[in-house]
Structure formats: structure tokens, C-alpha cells
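Q: Could you put the whole structure together from the sequences, leaning on the hints where they help?
Chains as they are written, first to last, in the numbering used here: chain A, 1 to 227; chain B, 1 to 229.
Note that these hints are calculated values from the structure, not bench results. Hints may contain errors.
If you want the ones that stay clear, here's a sample from chain B, every Cβ over 10 Å from chain A, calculated [unchecked claim]:
1. 37
2. 51
3. 68
4. 69
5. 84
6. 132
7. 163
8. 196
9. 198
10. 204
11. 207
12. 219
Partner residues are not named here, just some residues of chain A that face chain B (Cβ under 8 Å, in silico) [to be verified]:
13. 67
14. 69
15. 78
Built from N, CA and C at the ideal position, the CB exists for glycine as well.
One letter stands for each residue in the lines below.
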Amino acid sequence: MAGLKVYFDLMSQPSRAVVLFLKANKLQFTPKPIALRKGEHLKEEFGAINPFRLVPAIDDNGFKLSESVAILRYLADKYQVSDHWYPKDLQKRARVDTFMAWQHLNLRLFGSLVFRTKVIDPRMTGKPIDKKKLAECETQLDICLDKIDTIFLRESSFLGGNEISVADLLGICELMQPYAVGHDVFHGRPKLDRWAKKVQQQLQPDFDQAHTFLFKLKEMFPPSAKL
Amino acid sequence: MTGVGLKVYYDLMSQPSRAVVLFLKANNIPFTPKPVALRKGEHLGEEYGETNPFHLVPAIDDNGFKITESVAILKYLADKHQVSDHWYPKDLKKRAQVDSYMAWQHLNLRMFGAMVFRTKVIIPRETGEPMDTKKLAEFEVQLETCLDKIESILLGKRPFLAGDEISVADLLGICELMQAYAVGHDVFRGRPKLDAWAKRVQARLQPHFDQAHIHLLKLRERFPPSAKF
Numbered sequence: 001m002a003g004l005k006v007y008f009d010l011m012s013q014p015s016r017a018v019v020l021f022l023k024a025n026k027l028q029f030t031p032k033p034i035a036l037r038k039g040e041h042l043k044e045e046f047g048a049i050n051p052f053r054l055v056p057a058i059d060d061n062g063f064k065l066s067e068s069v070a071i072l073r074y075l076a077d078k079y080q081v082s083d084h085w086y087p088k089d090l091q092k093r094a095r096v097d098t099f100m101a102w103q104h105l106n107l108r109l110f111g112s113l114v115f116r117t118k119v120i121d122p123r124m125t126g127k128p129i130d131k132k133k134l135a136e137c138e139t140q141l142d143i144c145l146d147k148i149d150t151i152f153l154r155e156s157s158f159l160g161g162n163e164i165s166v167a168d169l170l171g172i173c174e175l176m177q178p179y180a181v182g183h184d185v186f187h188g189r190p191k192l193d194r195w196a197k198k199v200q201q202q203l204q205p206d207f208d209q210a211h212t213f214l215f216k217l218k219e220m221f222p223p224s225a226k227l
Numbered sequence: 001m002t003g004v005g006l007k008v009y010y011d012l013m014s015q016p017s018r019a020v021v022l023f024l025k026a027n028n029i030p031f032t033p034k035p036v037a038l039r040k041g042e043h044l045g046e047e048y049g050e051t052n053p054f055h056l057v058p059a060i061d062d063n064g065f066k067i068t069e070s071v072a073i074l075k076y077l078a079d080k081h082q083v084s085d086h087w088y089p090k091d092l093k094k095r096a097q098v099d100s101y102m103a104w105q106h107l108n109l110r111m112f113g114a115m116v117f118r119t120k121v122i123i124p125r126e127t128g129e130p131m132d133t134k135k136l137a138e139f140e141v142q143l144e145t146c147l148d149k150i151e152s153i154l155l156g157k158r159p160f161l162a163g164d165e166i167s168v169a170d171l172l173g174i175c176e177l178m179q180a181y182a183v184g185h186d187v188f189r190g191r192p193k194l195d196a197w198a199k200r201v202q203a204r205l206q207p208h209f210d211q212a213h214i215h216l217l218k219l220r221e222r223f224p225p226s227a228k229f
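A: Laid out in C-alpha cells, this is it:
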């Protein structure tokens with residue numbers, strides 16, 4: 001058993017990003033799946049690993065860490081992976097860091113809210129989708145997607161520069177969440193579309209494997225091109 | 001100004017702006033201040049858009065290299081200027097703890113502190129309508145949850161947010177906390193560790209701390225502390 005334990009749920013965007021990073025870099029780890037839908041993150045045992053009760057989290061030979069952005073940086077620096085994942089050059093690194101900071105309150109927040117509103121809330125409450133809330137979240141999500149298409153990808157082919165980095169792992173996993181529930185993320189956004197294809201290609205076959213469960217939802221939510 | 005190569009675009013009413021300014025002052029790093037008045041919409045103009053296409057503060061232009069997002073800025077400045085190690089430690093595990101707070105705070109203390117502030121101050125000012133008390137109550141409950149987590153999880157066993165010494169995490173934390181505090185949210189009640197931490201951090205950052213918070217703290221006259229929790 002590898003000394004690096006990784007607690008994750010493949011329905012969680014940042015969990016997938018961390019798993020994809022490990023696989024892309026062939027880093028050994030002990031997978032510790034935590035089923036969020038069964039409340040396994042709320043148990044005492046997991047609380048000892050991450051008192052915030054969130055995935056992903058790691059336990060690296062006793063060193064416990066949560067927050068995907070922190071985990072990705074830690075792993076990239078510790079395992080001395082190819083420089084493009086998290087460049088040593090200060091300016092290149094700062095570009096990757098800018099996306100990783102911006103995404104929390106933008107793509108992550110609104111992509112997650114669209115997903116919650118369409119899937120999680122109805123499942124938990126038994127009520128139909130709150131359409132007013134959904135429309136508000138979708139509008140905000142589209143603003144974020146436009147910013148990615150026109151600002152982050154304006155002059156560079158990846159979110160943090162001209163090579164794939166940990167920023168793209170977070171970005172693609174967050175994007176897949178609303179995509180999986182029918183949000184037409186690529187419509188009118190050619191740069192986003194090109195970027196997504198490039199990133200997915202670079203991460204195969206791990207990308208498809210990581211997204212198998214999530215994409216089952218696509219049957220329930222055919223793409224809606226209403227925007 | 002003498003044209004120092006590092007230009008810093010900020011508004012002292014913005015929490016992350018204050019964190020960046022405090023970092024620069026605490027480390028005696030020279031910079032050219034470029035205030036951007038959010039209340040006058042100065043961030044929305046084309047000219048500012050050249051510096052920061054997101055139209056947000058803070059942003060820096062370091063001899064032509066432009067970046068935004070306070071977390072990215074703080075990391076960049078800490079690594080570039082070789083400041084005292086505790087601000088952003090070189091040790092991987094210590095650094096990871098700082099990174100963990102800086103990531104967590106966006107969707108927690110920052111988000112809910114900012115929403116309380118917006119609901120009490122900004123939206124009424126912009127719309128001329130009274131405060132939305134229902135929305136405010138929801139945000140206050142979420143903010144309380146975040147403050148409890150800081151009290152019991154982060155400060156439970158250590159004096160600073162990410163370890164035994166002050167770091168950039170504490171700069172972000174104290175500035176976000178002050179936003180809600182300034183509009184009457186009773187952040188310290190029932191939270192002795194948070195209280196002790198805040199005093200510790202403020203003491204460490206004087207006189208810059210008080211200078212950075214002058215405008216914000218004027219709001220306390222309009223929003224006396226409300227101890228409803």
C-alpha cells in the first residue's frame with residue numbers, strides 16, 4: 001500500500017482533478033473512495049482526516065491536507081513532476097495561480113450551483129427543480145464561461161499559459177459538472193471548445209474513466225441550447 | 001511618484017486589496033500606489049481594463065507583468081521578494097497549510113463576509129431600497145458557521161491560521177473578518193481564540209493595520225454591534 005492515501009468521490013469536481021493529476025504523473029497512491037451520496041464524509045473516521053468534512057483530502061504518511069488547490073501544489077512540488085504542471089518560473093506560476101484563485105468564486109461556484117439545483121436539491125428534497133434559481137445560476141455561469149473564453153484563453157492555449165497545468169485539471173473537471181447536466185457550455189465559445197478537447201485528449205484514458213459516473217447523468221439531462 | 005516598477009491597484013474598502021497593501025508595508029517593499037475608487041466605478045473603465053480585464057481589485061503591474069487575484073499576488077510577491085520565511089514558508093508542508101487556508105477562504109469567510117457587507121451597505125446604497133433582512137439573515141447564519149470553523153478547527157490548536165507563525169493566510173483572514181465586523185456583525189462573541197488571534201495579528205501589523213482600516217471602520221458608527229447570535 002502506497003504511503004499517500006487519497007480520499008475522493010468521483011462525483012466531486014476537485015476530487016477528479018486530484019485523481020487525474022496523480023494518474024497523469026503515474027504517482028502511486030492508495031485510493032480511499034468516500035461516497036458523498038451516502039454521507040460517508042460525515043462519519044467520525046473521515047473527520048479525523050479532514051475536520052472540514054470535504055473531499056478531496058490526502059494523508060501523505062501522516063501529513064493530512066485538504067483543498068484541491070493546496071493538494072495539487074503540494075503534490076506537484078513534492079514529486080518534482082514535469083515543470084509545465086506547476087511551473088517554477090515565478091511569472092508562469094503566477095498565471096496558473098491566478099486561474100486557481102479565480103475559479104473558486106466563478107466557474108466552481110456557479111457550475112456547482114447549476115449542478116446542485118438540477119440534481120442534488122431535487123434528490124434531497126423530492127421537489128421539482130427551482131427554475132428561478134436555476135436561471136440565475138445559469139446566467140452567472142455563462143458570464144464565467146465567457147470570461148474563460150475571452151480572457152484566460154485570449155492569448156494562450158491553456159488556462160495558465162501555453163502548456164497544460166494543474167489549472168486546466170481544475171478547469172476541465174469543473175466544466176464537466178454543468179456539462180453533464182445539459183448546460184450548453186461550448187455554444188458560441190470556440191476557444192473553450194478547442195481547449196476542452198485538447199485537455200481531454202492529453203488526459204486519456206484517465207479522463208474518460210474519471211468521468212464515467214458523472215456522465216451517466218447526461219441521459220437524464222439532454223443538452224439544452226436555450227442561451 | 002518616483003515610478004517604482006511595482007504598481008499596485010487597490011481600494012481600501014476591498015478586503016483582498018488591504019491584505020496585499022498590508023503585506024507590502026509589513027515587508028517594506030516599495031510600490032507605486034494606484035488607488036481605484038470602486039464606489040465611483042473606476043474599476044469599470046476601459047483604461048483599468050487594460051491592467052485587469054476582470055475589472056477587479058487588487059491587481060499589480062510589476063514592470064509590465066500584470067496579475068490579479070490576491071492569493072496569486074501574495075504568493076508571487078512573497079516568492080519574488082524573498083521575505084521572511086514565515087509569510088509563505090518554503091517548507092512544503094508548512095506552505096501547504098497556508099495554501100489550504102487561502103483556498104478554503106474564498107467560498108467561506110470571503111464569500112459570506114462579503115455577502116453580509118453587500119447586503120447591509122452596498123445594495124441599499126446602489127438601489128436606494130431598504131436592507132433585505134431575509135437574505136441578510138441567511139448570510140449571517142453561513143458566516144457564523146465559517147467563524148465557528150475558524151475558531152474550533154483552524155485556531156483550535158495553533159496561534160495563527162496556518163501554523164505557529166503569522167503568514168499571508170492571516171492577512172487575508174483578518175481583512176475579511178474586518179469587513180463583517182465593520183458593519184456590526186459580532187464576530188468575536190463566544191470565540192475567544194478568534195479574538196486572541198485577531199488582536200495578535202493586528203498588533204503585529206501596526207501602524208499599517210489601523211491606517212488600512214480607517215475608512216472601513218468609519219462604518220461602525222452606522223452599524224453598532226448587534227449581538228443576536
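Q: Does each hint hold? Answer for all of them.
A: Going down the list of hints, with the structure as the test:
no., hint, verdict
1, 37, "holds (22 Å)"
2, 51, "holds (13 Å)"
3, 68, "violated (6 Å)"
4, 69, "violated (4 Å)"
5, 84, "holds (18 Å)"
6, 132, "holds (15 Å)"
7, 163, "holds (13 Å)"
8, 196, "holds (20 Å)"
9, 198, "holds (21 Å)"
10, 204, "holds (24 Å)"
11, 207, "holds (29 Å)"
12, 219, "holds (23 Å)"
13, 67, "holds (4 Å)"
14, 69, "holds (4 Å)"
15, 78, "holds (6 Å)"
Figure legend: structure checked against the earlier numbered hints; hints not met, in rising order: 3 and 4.
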